[in-house]
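A.B. asks: Residue numbers (my numbering), protein chains in the order written: chain A, 1 to 463; chain B, 1001 to 1178.
These aren't lab readings, by the way, just hints derived from the structure by calculation.
Since the model is a prediction, treat every value here as computed from it, not as a measurement.
For each residue, glycine too, the CB sits at the ideal point set by N, CA and C.
Zero decoy hints are in this set.
So, partial list: chain B residues that the calculated Cβ filter (under 10 Å) puts toward chain A: (1) Y1023; (2) G1074; (3) S1076; (4) E1153.
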Amino acid sequence: MNSGYSNNNDGRTIVEKIVSRACGRKVSPGDVVDALPIDKLYFNEVIAPPAISNFQDDFNQVFEEAFGNIEQGLVQKKKNQKRVFDPSRVRFIPDHTVPSCSVMVSKGISLMKDFAKEHGIMMYKEGDGIEHTLVTEEGFVLPGEVVVATDSHTDTVGAVGALGFGVGTTEAEYALALGEIYDFVVPETFLFRADGTFKNGCCAKDLILYILGKMTESGCSRKVAEYTGDAIKKMDMDGRFTICNMSVEMGARSGIVNPDRVTEDFLKEVAMRHPELFSEIQDTLTKIPKISSDENASYVDELRIDVSELTPQIALPHSPANVKPASEVNDEVNVVFIGSCTNGRYNDLLQAARILKGKRIHPDVNTIVIPASRAVYNQAMSSGLLQIFAEAGANIESSNCGPCFGKHMGVLSSGDRCVSTSNRNYRGRMGSPDAKIYLASPATAAACAIEGKVTDPTKYLPS
Amino acid sequence: MAERALFQGKIVAKFGDDINTDYIIPAYLLQEAWGKKYFAEHAFERYDPSFVSRCRANALKDSIVVAGKNFGCGSSREQAVYAIQYNDVSAVVAESFPDIFYRNCISNGFPALRVESTKDLEIGDSLLIDLQSLSVKNERSNAELRIYMTFEERATLLSGGRLGKVKERLRERLLATS
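Bound-form chain A, shown alone:
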C-alpha cells in the first residue's frame, strides 16, 4: 500500500462493509461484535440432526415459559408460536451421504423433514444438490449477506460477494433460535491479486492450489481472503466458487470476490429461473456498487500472482498445501473422483468432458463423476456431457458430496491412489489411512483417468 494513504485512509474492504451493515454500526478489523445478526442460515444432514435435538433440549422450556406467560397475560394465544428466528431465512439440505447410506442417516433426514414441516423451513430433497452450490443457484444467498452454515466450505458463497462462515453444531443451534452469532471478531483481509491470462489446460483450481502451496495450511488464519485482479475479473462464476471454496484450506475464515458484471449476469439468470425472486434480485443489483471494497481499502497483507506463468498443479498426499506442478509427478492412479463443492459445477464437468470425449478410461481406474446439483446434472445430460462420461467408462452418481466425505460411493482401500477434484487430501479423509489422495483440476483428473497415472492435461487439449 502507498503509505501516503495510511494517515487519512477511510477506504473499507467488502468484509468491513458487510459486517458494518449487518450490525448497524461502522466496524473495523479487530472489533468485537457482541451479537452479529445473520442474513441466511443453512444446515446439511450431518449437523442438522444433533442441532435440532439440542435445540429442543435446550430451548423447549424457554418457549413454554415465554408462551405460557403470554397466554396468562394476553387475551388469546397464537398457535404454533414462532420458535425459529425466521424460517424464511433458513434452509435444510441433505447432501453429504444421500441417497441415505445408513439407518442413522435416514433417521437424521426424517428428523429434519419433521422439524422443517413443523417450523415452515424449506427443505430440499436428496439429490437436489450440494448445499453451497444449491444456495447460490437457487438465489437463497445474495451479494452482501452474512451467511452461516454447518460446514467449513461455507466460504464458497463468497463467489457471489456474500460473507460465509462455517460454524459448529452449537453456534448453528443458537443461530436457529436467535439469528445471531456471538463475540464475533471482525476479521482482517488478505488480498490475493491474480493478473494475466491462464494457459490452455489451466484454470481456477490450479490457481488456488498454487496459492495454497505458497500460503501453507495456516497462512491465512483468522483473516478473510479477498480475490481480485484481471484473472479473477475475467473468470466465470464456477471458477470463483472453486477459489473461494478452498480458502479455508489455508486457514482463512472465509473467501470473497467483489461482485461485478459476471456476478450480475449470474444473478439475472437466477432471477429468470426464479421469477419469485425477481424484485429482490433487482434490488440487490442496485446495491452492488456500494458493497465492493474501496480502491484505498487497507489489507493486512497481499500476494500477487501472474496466472500466465501457471501450469497445471497437483496437491500430493497428505496436505492440500503440498503442491507441485502436475508435470513433475508420475505416480500411478487407480481412482478418480470428479465432483464436490469445489469442482462439480457445469464448467468443471465441461473441462473434464473435453478431455474424455471419444476416449476410454484406463482399465485399472475406477472413475466417479458427480454433478454438484440436480440442475447441473440435467444440464450435463441435455448437452451430452454425461454421455461422454458414460461412454468413456465412468460411474455417474446423483448429486451429493460423494467419496470426498469418506462414507459412501467409493470409499478408498489401503493402497488406493486417488486423484480427486475435491478440497482435502488428509490421510484417511476418503477411507483408509493407507490410501493416497491427490487434488487437481477436473481437466487434470480426466487426463489421469485416461492414463492411470498423474498426467498434465495440456497434451490432450488443442494448442
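For this one, chain A is given, so just place chain B on it according to the hints.
C.D. replies: Only chain B this time, still in chain A's reference frame:
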C-alpha cells in the same frame, strides 16, 4: 456446567502442526450418533490409535493434549471437540487454533489454550492451568507459559459456554416480540 478456573492435568499426547478434525474424528462416524459421548471412544482412531487407552490409563484422570500450530483445522465438525473433551481431557494447549475449531471449543466451555510455544512440553508432564491468571505451569520444569485469550473468550469459558446467556436472550426476545 461451570468450568474450573484452576486445575492440574497430565500431558497424554503431543502432536505437531496442522492436526485436522478428520484426524481427530473421521467423517464416517459423524452421522451415527446425535449425542456427544459416542465420539470419545473413536478419538484419533486413524491417526493415533492408542490415544483413548492412554487417556483411560491416566491415574490423574485429567488429561491434557499439546500440539503445535493450527490444531483442529479443516472441517467444522464439532464432534471433534466432543471426541477430545469426553476422554476426560481438560484442555488442549497449542501454538494456534483456526477459528472454527476454536469457537467450537469455547461454545462447549472446553479450554483451547493458545501459548507462544509448546516445544518444552513433553508427554507425561504435569501442568497446572490457571484460567484466572491465564497461565500454564509445568510442574516438571517450573516453566510458566502465558495463555493468550480475550476477555470475552475467558468469560464464556468460565461460564461453561454461552447457553445461559443465549437462553436469557431468547427469553427477553420472546417476551418483547410477542
